[in-house]
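Protein sequences appear in the order of chains G and P.
Under the UniProt record's numbering, the residues of the first sequence are numbered 1 to 468, in order.
Under the UniProt record's numbering, the residues of the second sequence are numbered 1 to 468, in order.
If you are wondering where the hints come from, they were derived from the structure by calculation, not from laboratory data.
Don't be surprised by glycine CBs; every beta carbon is placed ideally from N, CA and C.
Among the hints, erroneous ones may be present.
Capping the alpha-carbon separation at 20 Å, the derived lysine to any residue pairs in SDA-like fashion look like this [what the hints assert, rightly or not]:
#, chain 1, residue 1, chain 2, residue 2
1, P, K240, G, Y28
2, P, K175, G, I433
3, G, K437, P, G283
4, G, K437, P, K175
5, P, K330, P, T438
6, P, K175, P, K330
7, G, K437, P, K240
8, G, K330, G, V362
9, G, K240, P, H216
10, P, K437, G, V173
11, G, K317, G, V362
12, G, K175, P, K240
13, P, K213, G, Y28
14, G, K209, P, G123
15, P, K175, G, Y118
16, G, K213, P, K175
17, P, K240, G, A307
18, G, K175, P, G407
19, G, K240, P, K240
20, G, K457, G, Y28
21, G, K437, P, E236
22, P, K209, P, G163
23, G, K317, G, A307
24, P, K175, P, E236
25, G, K213, P, G163
26, G, K213, P, W3
27, G, K317, G, I404
28, P, K209, G, E236
29, P, K175, G, I404
30, P, K240, G, I433
31, G, K240, P, F125
32, P, K437, G, P445
Covered by chain G, according to a simulated footprint, are these stretches of chain P (three or more residues, beta-carbon under 8 Å) [to be verified]:
#, segment
33, 34-48
34, 105-114
35, 372-386
Examples of chain P residues lying across from chain G (beta carbon under 8 Å, computed) [unchecked claim]:
#, residue
36, R17
37, T18
38, L97
Number of protein chains: 2
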Amino acid sequence: MEWMDSLKKVVGSDHVRTSSAHLLAYSYDATAGFQAMPDAVVSPGSTEEIRQIMEICREHQVPLVPRGSGTNLAAGTAPTSGGVVLLFNRMNRILELDEDNLCVRVQPGVLTLDLCDYVEGRGLFYPPDPSSMKISTIGGNVSENSGGLRGLKYGVTKDYVLGLTAVLPNGQVIKTGGKLAKDVAGYDLKALLVGAEGTLGVITEILLKLIPKPEHQRTGIAYFQSLEAAAATVSEIISKRIIPATLEFLDRGTMDAVERFMDLGLPEEAEAMLLIEQDGEAGQVERDLSAMIDISVRNGAVITAVAETEEEAGQLKAGRRAALSALARKRPTTILEDATVPRSEIANMVRKIREIAERNQVEIHTFGHAGDGNLHPTCLTDIRDNEEMVRVERAFAEIFEAAIDLGGTITGEHGVGEMKSPYLQWKIGDEGIELMKTIKQAIDPLNICNPGKMFAKANKPRVVVAHG
Amino acid sequence: MEWMDSLKKVVGSDHVRTSSAHLLAYSYDATAGFQAMPDAVVSPGSTEEIRQIMEICREHQVPLVPRGSGTNLAAGTAPTSGGVVLLFNRMNRILELDEDNLCVRVQPGVLTLDLCDYVEGRGLFYPPDPSSMKISTIGGNVSENSGGLRGLKYGVTKDYVLGLTAVLPNGQVIKTGGKLAKDVAGYDLKALLVGAEGTLGVITEILLKLIPKPEHQRTGIAYFQSLEAAAATVSEIISKRIIPATLEFLDRGTMDAVERFMDLGLPEEAEAMLLIEQDGEAGQVERDLSAMIDISVRNGAVITAVAETEEEAGQLKAGRRAALSALARKRPTTILEDATVPRSEIANMVRKIREIAERNQVEIHTFGHAGDGNLHPTCLTDIRDNEEMVRVERAFAEIFEAAIDLGGTITGEHGVGEMKSPYLQWKIGDEGIELMKTIKQAIDPLNICNPGKMFAKANKPRVVVAHG
Numbered sequence: 001m002e003w004m005d006s007l008k009k010v011v012g013s014d015h016v017r018t019s020s021a022h023l024l025a026y027s028y029d030a031t032a033g034f035q036a037m038p039d040a041v042v043s044p045g046s047t048e049e050i051r052q053i054m055e056i057c058r059e060h061q062v063p064l065v066p067r068g069s070g071t072n073l074a075a076g077t078a079p080t081s082g083g084v085v086l087l088f089n090r091m092n093r094i095l096e097l098d099e100d101n102l103c104v105r106v107q108p109g110v111l112t113l114d115l116c117d118y119v120e121g122r123g124l125f126y127p128p129d130p131s132s133m134k135i136s137t138i139g140g141n142v143s144e145n146s147g148g149l150r151g152l153k154y155g156v157t158k159d160y161v162l163g164l165t166a167v168l169p170n171g172q173v174i175k176t177g178g179k180l181a182k183d184v185a186g187y188d189l190k191a192l193l194v195g196a197e198g199t200l201g202v203i204t205e206i207l208l209k210l211i212p213k214p215e216h217q218r219t220g221i222a223y224f225q226s227l228e229a230a231a232a233t234v235s236e237i238i239s240k241r242i243i244p245a246t247l248e249f250l251d252r253g254t255m256d257a258v259e260r261f262m263d264l265g266l267p268e269e270a271e272a273m274l275l276i277e278q279d280g281e282a283g284q285v286e287r288d289l290s291a292m293i294d295i296s297v298r299n300g301a302v303i304t305a306v307a308e309t310e311e312e313a314g315q316l317k318a319g320r321r322a323a324l325s326a327l328a329r330k331r332p333t334t335i336l337e338d339a340t341v342p343r344s345e346i347a348n349m350v351r352k353i354r355e356i357a358e359r360n361q362v363e364i365h366t367f368g369h370a371g372d373g374n375l376h377p378t379c380l381t382d383i384r385d386n387e388e389m390v391r392v393e394r395a396f397a398e399i400f401e402a403a404i405d406l407g408g409t410i411t412g413e414h415g416v417g418e419m420k421s422p423y424l425q426w427k428i429g430d431e432g433i434e435l436m437k438t439i440k441q442a443i444d445p446l447n448i449c450n451p452g453k454m455f456a457k458a459n460k461p462r463v464v465v466a467h468g
Numbered sequence: 001m002e003w004m005d006s007l008k009k010v011v012g013s014d015h016v017r018t019s020s021a022h023l024l025a026y027s028y029d030a031t032a033g034f035q036a037m038p039d040a041v042v043s044p045g046s047t048e049e050i051r052q053i054m055e056i057c058r059e060h061q062v063p064l065v066p067r068g069s070g071t072n073l074a075a076g077t078a079p080t081s082g083g084v085v086l087l088f089n090r091m092n093r094i095l096e097l098d099e100d101n102l103c104v105r106v107q108p109g110v111l112t113l114d115l116c117d118y119v120e121g122r123g124l125f126y127p128p129d130p131s132s133m134k135i136s137t138i139g140g141n142v143s144e145n146s147g148g149l150r151g152l153k154y155g156v157t158k159d160y161v162l163g164l165t166a167v168l169p170n171g172q173v174i175k176t177g178g179k180l181a182k183d184v185a186g187y188d189l190k191a192l193l194v195g196a197e198g199t200l201g202v203i204t205e206i207l208l209k210l211i212p213k214p215e216h217q218r219t220g221i222a223y224f225q226s227l228e229a230a231a232a233t234v235s236e237i238i239s240k241r242i243i244p245a246t247l248e249f250l251d252r253g254t255m256d257a258v259e260r261f262m263d264l265g266l267p268e269e270a271e272a273m274l275l276i277e278q279d280g281e282a283g284q285v286e287r288d289l290s291a292m293i294d295i296s297v298r299n300g301a302v303i304t305a306v307a308e309t310e311e312e313a314g315q316l317k318a319g320r321r322a323a324l325s326a327l328a329r330k331r332p333t334t335i336l337e338d339a340t341v342p343r344s345e346i347a348n349m350v351r352k353i354r355e356i357a358e359r360n361q362v363e364i365h366t367f368g369h370a371g372d373g374n375l376h377p378t379c380l381t382d383i384r385d386n387e388e389m390v391r392v393e394r395a396f397a398e399i400f401e402a403a404i405d406l407g408g409t410i411t412g413e414h415g416v417g418e419m420k421s422p423y424l425q426w427k428i429g430d431e432g433i434e435l436m437k438t439i440k441q442a443i444d445p446l447n448i449c450n451p452g453k454m455f456a457k458a459n460k461p462r463v464v465v466a467h468g
């Protein structure tokens, strides 16, 4: 293919992979059930190389699919119709730390945890902490507007993006933002690119805001005999004007899976668990943590504990950390969703998830970020069982519908990708879909950038079908 | 005119004003030197009425200029080519306070200070505090993405917008966002509308995030014999990982004006003043404030003071509060700009502003938000003097150029409007202008919404001309 030769001239033959092993490896991401073969896997070394790749893709109408570490859970980084998968493994440098202006400039391929460790070593803090942070990239986090455990107190990725360099579908390079706390010079183009899932261009450099690292951190835990008691605790914590650093929720089914996996001695009588953390100034942290434990007890917590050492904190956190791995061991396929509701609706939502799972005879357990209403109903299933998958998809459709009924959304932090495209219209309406398509069509008229994602399947019949 | 009759049918004759007194009153905003007569001034009562007004404006290709209180300082809310000025004086209700989900739903016409007072009475806090907050509206703040004194610590308006209802130029109503800390269902449409200065549609309802009200606040002040000493103090405060609630800067000229106006007894030998505030937990506030005063002294502050009572705090703040009023008394015309630079470049920028003012023989004094690099070089002039205005405009062009050279922007919190449209390209480049025009053209192909603003004059010859 002519365009393949052009690509090799731009990045060098070594950085254009077309072996069937490579194509297969990048035909899917972490999302079960979505797969399509690319034509090439390309590792550029610079913004300029990406600009030239964009020109080639434009000229030959070849899809361009940017991909960080492929940890995406909405099939946002799997190809849908061939083309080029663009990797950032060669663009993984931290370019500049500016301690005067509290910001860091990085290439998209930097791993999130590497960035966090780097800045924390200098007394600074990059708060967004998606659960995938050990292996996910900053570029992927920005493209997906990733959340994490600290979302309630510290916000999500978009709240830390000060500037972007991006290659647009028309082949132009734009530089947006700067080392500025305030900048209102025109439309907020970087806000449009953050969370656009690679559909409006390729992000090639990122300027991130940092904050001072909190001096202290404390961890506590509380177990409840009912969902309602845990939810009431969450509500009362907020109504007492406490904003914890993390407030994580596990339901009974998730605790059972963790217990089987790790034998932590989680109490058998508990229906719900809250992992509670606060950070900041020492006195404030102590006061907040003890107030939150008091509130838990007042709302009927059967067991509470506060870690006195880092090791103990690690033990308390072990259950939450192991939740997904523990659940994933039970059945061949794990589907982790992120239906999200206003915080006040958490108990309602968890109950609805249970009812929906029972009605559809599928196994779904729920854990997630209680402080910000971001729940992860996780289905344990077998993708090879077509009949079961029909029920699984019906259950998730009902879960999304329930979330929207409660004022929530179909995705709090995973993105829409290909997987949730059929449901996007439920959240934003025909008018929202039309506006998004108008923007996409204007910026990427040839539909080069990550086609088949986000609104691509909007308003398609909502017939639930099993994946092949 | 047929469309005028249609407007009257929609909102009622009483709410369509066309007297010459009304048209004159809404022919300009708070920005000196920009004026054009509208054809009508319309006060709708609902989203539905605004939708119908949009349809009428589309059908008859009539410009639609949304306007809050007109405190805009970039000629963003003055008409440029007739049409309808849309007021929100009838849409000024607080619709819902949701204490569980820490948010408030309001109509655009609510005054910012009224909102702040309302939520603070309930132990909550809406941090964005533009200096105009006593009279500006929330709708105006959102459309301009207004900043304020607390920008460094708490962010700006965009950081508090959870959801918007808007009427698009195509006559459709969209509802974006929700009571959600996390939501990544598609492009961030609300982020595109925030700060769009009314060029992409009319915002008709706003959902704002609130945070707990800080328990304590302390105020201090420090006077320095040199600009460099004040700037070094700002740098050291940040490098010590302290993020103050406010860190305001006044130069010698501004202090002189304040002293003539108010006789506060500001020290004559000082070249710069820093107003320092911290809020939060009591112990932390004390520690931070005393650390900041220590840093000031170490960097050569000649006088420092800490308020022990609210009354004393009011006295310390009086100088900063009076800065603009005091400056405005000196000459017939005051032009307040907001060139913004990375925090580390403040001393450089203030020095450059002085040199530029001297070279162009115009009087410019500078005050502003030192913590976030958002400076307000303020020119005292006479708009009737064409020869002087040529020099004023040349000076501001040079100031914008200097800000961009230092990694800054042409506007930190005022917006582009008509006034700074010729300079926007300097900040975002031809590629940025083209992308913004592409978005505008796609969403508002008839150019109904606030025409003549933002990029409308981009790439026009940069010849400086006096206003009539």
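Self-check item: 20 Å Cα cutoff - pair K175/P, E236/P
Solution: 44 Å, violated
Practice problem: Could you grab the alpha-carbon distance between K175/P and I404/G and see if it respects the 20 Å cut-off? | Solution: With Cα atoms ~13 Å apart, K175/P and I404/G stay inside 20 Å; holds.
Exercise. Given the hint that K437/P pairs with V173/G, test it: the Cα-Cα distance must not exceed 20 Å.
Key: 16 Å, holds
Practice problem: Measure nothing beyond the straight line between the CA atoms of K213/G and G163/P; if it is 20 Å or shorter, mark the hint as holding. | Solution: 30 Å, violated
Quiz item: CA of K317/G to CA of V362/G, is that 20 Å or under?
Solution: With Cα atoms ~28 Å apart, K317/G and V362/G exceed 20 Å; violated.
Quiz item: Are the Cα atoms of K240/G and K240/P separated by 20 Å or less?
Solution: Roughly 31 Å separates the two Cα atoms, so the pair is violated.
Quiz item: Does G283/P lie within 20 Å of K437/G when you go C-alpha to C-alpha?
Solution: 52 Å, violated
Exercise. Please work out if K437/P and P445/G have their alpha carbons no farther apart than 20 Å.
Key: 15 Å, holds
Quiz prompt | Satisfaction of the L97/P interface hint, Cβ to chain G closer than 8 Å | solution = 13 Å, violated
Quiz item: Taking only the CA atoms, is the gap from K330/G to V362/G under or equal to 20 Å?
Solution: 13 Å, holds
Exercise. Would you check chain G against the segment 34-48 of chain P, counting CB to CB pairs closer than 8 Å, and say if three or more residues qualify?
Key: As far as the segment 34-48 of chain P goes, the hint is violated, because 0 residues have Cβ atoms under 8 Å from chain G.
Self-check item: 20 Å Cα cutoff - pair K175/G, G407/P
Solution: 12 Å, holds
Comparing the model with each earlier hint shows violations of hints 1, 3, 5, 6, 7, 11, 12, 13, 14, 15, 16, 17, 19, 21, 24, 25, 26, 27, 30, 33, 34, 36, 37, 38; every other hint is respected.
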